[in-house]
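Q: Kindly generate the complete structure, drawing on both the sequences and the hints.
Residue-level listing of the chains:
There are 4 protein chains.
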Amino acid sequence: MHNAKPLPSYLVQRYQGWKATTYAENKTWYRRLAEEGQRPRAMVISCCDSRVHVTSIFGADQGEFFIHRNIANLVPPYEPDGDHHGTSAAVEYAVTALKVAHIVVMGHSGCGGVEGCHDMCSGKAPELEEKSSFVGRWMDILRPGYEKVKDIADESERKRALEKQAVLTSLENLMSFPFVASAVETGDLSVHGVWNDIGDGSLEHYLPTEDGFKVV
Amino acid sequence: MHNAKPLPSYLVQRYQGWKATTYAENKTWYRRLAEEGQRPRAMVISCCDSRVHVTSIFGADQGEFFIHRNIANLVPPYEPDGDHHGTSAAVEYAVTALKVAHIVVMGHSGCGGVEGCHDMCSGKAPELEEKSSFVGRWMDILRPGYEKVKDIADESERKRALEKQAVLTSLENLMSFPFVASAVETGDLSVHGVWNDIGDGSLEHYLPTEDGFKVV
Amino acid sequence: MHNAKPLPSYLVQRYQGWKATTYAENKTWYRRLAEEGQRPRAMVISCCDSRVHVTSIFGADQGEFFIHRNIANLVPPYEPDGDHHGTSAAVEYAVTALKVAHIVVMGHSGCGGVEGCHDMCSGKAPELEEKSSFVGRWMDILRPGYEKVKDIADESERKRALEKQAVLTSLENLMSFPFVASAVETGDLSVHGVWNDIGDGSLEHYLPTEDGFKVV
Amino acid sequence: MHNAKPLPSYLVQRYQGWKATTYAENKTWYRRLAEEGQRPRAMVISCCDSRVHVTSIFGADQGEFFIHRNIANLVPPYEPDGDHHGTSAAVEYAVTALKVAHIVVMGHSGCGGVEGCHDMCSGKAPELEEKSSFVGRWMDILRPGYEKVKDIADESERKRALEKQAVLTSLENLMSFPFVASAVETGDLSVHGVWNDIGDGSLEHYLPTEDGFKVV
Chain A
1 MHNAKPLPSY LVQRYQGWKA TTYAENKTWY RRLAEEGQRP RAMVISCCDS
51 RVHVTSIFGA DQGEFFIHRN IANLVPPYEP DGDHHGTSAA VEYAVTALKV
101 AHIVVMGHSG CGGVEGCHDM CSGKAPELEE KSSFVGRWMD ILRPGYEKVK
151 DIADESERKR ALEKQAVLTS LENLMSFPFV ASAVETGDLS VHGVWNDIGD
201 GSLEHYLPTE DGFKVV
Chain B
1 MHNAKPLPSY LVQRYQGWKA TTYAENKTWY RRLAEEGQRP RAMVISCCDS
51 RVHVTSIFGA DQGEFFIHRN IANLVPPYEP DGDHHGTSAA VEYAVTALKV
101 AHIVVMGHSG CGGVEGCHDM CSGKAPELEE KSSFVGRWMD ILRPGYEKVK
151 DIADESERKR ALEKQAVLTS LENLMSFPFV ASAVETGDLS VHGVWNDIGD
201 GSLEHYLPTE DGFKVV
Chain C
1 MHNAKPLPSY LVQRYQGWKA TTYAENKTWY RRLAEEGQRP RAMVISCCDS
51 RVHVTSIFGA DQGEFFIHRN IANLVPPYEP DGDHHGTSAA VEYAVTALKV
101 AHIVVMGHSG CGGVEGCHDM CSGKAPELEE KSSFVGRWMD ILRPGYEKVK
151 DIADESERKR ALEKQAVLTS LENLMSFPFV ASAVETGDLS VHGVWNDIGD
201 GSLEHYLPTE DGFKVV
Chain D
1 MHNAKPLPSY LVQRYQGWKA TTYAENKTWY RRLAEEGQRP RAMVISCCDS
51 RVHVTSIFGA DQGEFFIHRN IANLVPPYEP DGDHHGTSAA VEYAVTALKV
101 AHIVVMGHSG CGGVEGCHDM CSGKAPELEE KSSFVGRWMD ILRPGYEKVK
151 DIADESERKR ALEKQAVLTS LENLMSFPFV ASAVETGDLS VHGVWNDIGD
201 GSLEHYLPTE DGFKVV
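If you read the sequences in order, they're chains A, B, C and D. Numbered per full-length UniProt numbering, the first sequence spans residues 1 to 216. Numbered per full-length UniProt numbering, the second sequence spans residues 1 to 216. Numbered per full-length UniProt numbering, the third sequence spans residues 1 to 216. Numbered per full-length UniProt numbering, the fourth sequence spans residues 1 to 216.
Because the hints were derived from the structure by calculation, they are not lab data. Hints are not guaranteed to be accurate.
[Said to hold, decoys possible] Below, computed lysine-lysine pairings styled on DSBU-like, alpha-carbon distance capped at 35 Å:
#1 D:LYS99 to A:LYS27
#2 C:LYS214 to C:LYS150
#3 A:LYS214 to C:LYS214
#4 B:LYS99 to A:LYS148
#5 A:LYS19 to A:LYS5
A: Right, here's the structure in full:
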């Protein structure tokens, strides 16, 4: 790999700051985690977006949460076709090997991936329709969600509704995995959907009894 | 989604702690990020493992890092076949839409996904060879890396070498994406490989001049 | 105390979560408790084990339960020899100063202290026999209980029986305290023994009429 | 044990409430904790007082905290004399068997045990001087602390200072245990002192650099 570069110095500086403080404060715990392995209580599926504060929100930087982050926190449907499926592999490992008790799917406001899906489905982003667009093909997962919200008149409301559909679509697709469905049925696993407003810091969770999201 | 449950109460408490402290201290900044969108300086690709401290290590919880986390921090080769490719979509979005300046691939010690690959390739985990194993098919990406380390006699040394191969394989596969290769060529993007020892907190980065990993 | 450190930051976050929620919701009550003093209805004696959910099980975080937690929920016999006796002091304060109406001794499954006693008494843990072993000398309290269960053939059944003997031994030792015996005699105090299965969440209480533990 | 009574029905009701909610919500996690054993990250030493919210404050009802509660959160000095020492046994088990990373000693406002010590040392509670007083003999541990605060003119200020001395005395006595001192020296263990105001919910931690308690 002749193209790789040394770590940029601003990251080296931050790393050294972490080593001298957080690591120093917690080293016994980190050593134990290294020796005894992880035992996460929950899996969190969230977006790659740099403004999503998943570890911070749940104090998650302590060996408790198995975290998968992808564009728009999407879970594709169950497709055991022998191809590479990174998200499905993460879900499989969390449920069958780590036996997590909860899966939390976490959406957020201002999601660029969801916005791309919105524009693609409403004809405003033809480049995302191209076969070679990885973002477009990934956001295809959310097309059925777009159908449910397309009649909302206000655009910003529509996009927000689509962000929540991304969470619901993932929850539904999760249930298409046989090992997820059976763990949910036996009560060994529960699934949860939340949506975070980045600007005002609020958090909403999906309540099936009300078929909607309510502030926590 | 009648199967979803409300957010577990222990997570609600932690969220409220974040809201009352970190959010309260940074709300002006979070509001600006919400209004103006993210502008991350780097993309980090790391493992889902609950013991990997990516945000903490790089002080990354502030809108600066676009973070993709999957099993064993792998990037698959470029395959624009129209299927769902979550990792490729994340890389495409980071490089072409967000125009990040750096991509850091971060491996770590004690990686369960890498260990699975090791066991599969050495014949000790036939269940991972099944077509329906998402973890097995995902770890296929690392098979060429196994070939390079399989003659190392000591098992724990061999696994550690394979963890580093996971980083190098991802760096190589990244270069197979035309938009990555061209951004690297023009100097708009640099790629970096690091490996974190969870127990002792050390960080090594790949130095092409020495064709090996050195402590930062 | 030059060796003490500031509170770890992950505990600070959790505390702030409590302050913003539970405290905020109950502050009038907490202020009254602070001004008027505690008036607990019962004393609970349980194990230090992190998996014992005493406050949670009895909704006990509201000023109602005076809680003593030690290794294996043991009460030593009455020994007014002028030495430091932490458990005896807690019982004395609960009964004579606070005049609690109930004392509940709560044992649990998988108790490490009881297992230590089992191993010590069966010759498998000679290090616990040393005079300097605080755990060994503390578990001496349960030696008479071991004599009653040692002939149970199945090891896991034997340990479970010993966990229940820990509850019964404590109930018996409680009656050796003159102020406990007299309060029980006048009907001002009742004592209760329960045992909690951590994994399945069941609770059994001791019924003297059946001389055994029955599920609640 | 012919004197024991069945569990009072108000406690049965609360237990059933917990079983139907908190247990049901967390049963997978509780089962895993039962099967795999506890792995607490910290030991907390706090008072038996019913108004001390230790589990609540730190979200501690989740298998993470090994909790010892006695009168006035005191740790006696190291005395390996072969007698029963419940607190010393708890500390020994936490440090040598569980290898906790932190010990947090937590004092609180309005502590009845500390008040008893105050009254005993200032001649106002001769009954606590009797050899047979378990509370008096337990509070002897805090006599050196009284000497340090006895000249504070205001009584309520003096008692509050004595509550903080109880935390500092425990921290000092902890260091007299060889296994604690050596774990602190190697950096495997850190000790922390905090004091909670029950009425206003504030929390102070001891900062050795300032030789005093500061609000968190």
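Q: Please go over all the hints and tell whether each is borne out by the structure.
A: Hint-by-hint comparison with the structure:
no.: 1; hint: D:LYS99 to A:LYS27; verdict: 12 Å, holds
no.: 2; hint: C:LYS214 to C:LYS150; verdict: 22 Å, holds
no.: 3; hint: A:LYS214 to C:LYS214; verdict: 42 Å, violated
no.: 4; hint: B:LYS99 to A:LYS148; verdict: 32 Å, holds
no.: 5; hint: A:LYS19 to A:LYS5; verdict: 22 Å, holds
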